[in-house]
Amino acid sequence: GFDTRVGEGGVLLSGGQRQRICIARAFLKNAPILILDEATSSLDSASELQVKKAIDNLMAGRTTIIIAHRFSSLEHARKIFVLSCGEVVEEGSLEELLAKGGEFRYLHDLQVCQIHS
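Just so you know, we're using this note's numbering here: the sequence shown kicks off at -17 and counts up by one.
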């Protein structure tokens, strides 16, 4: 509950627990703009699926900026910006960027090949 002791700065919590608390705070805040920075990076696969469902609900009706290295986090994005050395090098939808065959496609293929090998 709200009175549970978690230590100074949440030191008694795992990374995944801290991420889930941050997502819960975002639900409670109900802000019109949501920024998710590697929101599922510390979660195991089962927890990631649950959290992604909650995030999908949280994003409804909001401007959402997702900072991600996992391509699975980008599947519902309307527009993706690819950064390299602090510069936008590509932009478009997931389908457009994959079809383009540029930096995004290269990074995507590297990650997908790692997962399937």
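Keep in mind the hints are simulated off the structure, nothing from the lab.
Mixed in with the good hints there might be a few duds.
Straight-line distance between alpha carbons at most 30 Å, and here's what the computed DSBU-like set of lysine-lysine pairs gives [stated by the list, open to error]: (1) K61 with K35; (2) K11 with K61; (3) K34 with K82; (4) K35 with K11; (5) K82 with K61; (6) K11 with K34; (7) K34 with K61.
Checked hints:
no. : hint         : in the structure
1   : K61 with K35 : holds (20 Å)
2   : K11 with K61 : holds (25 Å)
3   : K34 with K82 : holds (27 Å)
4   : K35 with K11 : holds (18 Å)
5   : K82 with K61 : holds (14 Å)
6   : K11 with K34 : holds (18 Å)
7   : K34 with K61 : holds (18 Å)
In summary, the structure agrees with every hint in the numbered list given earlier.
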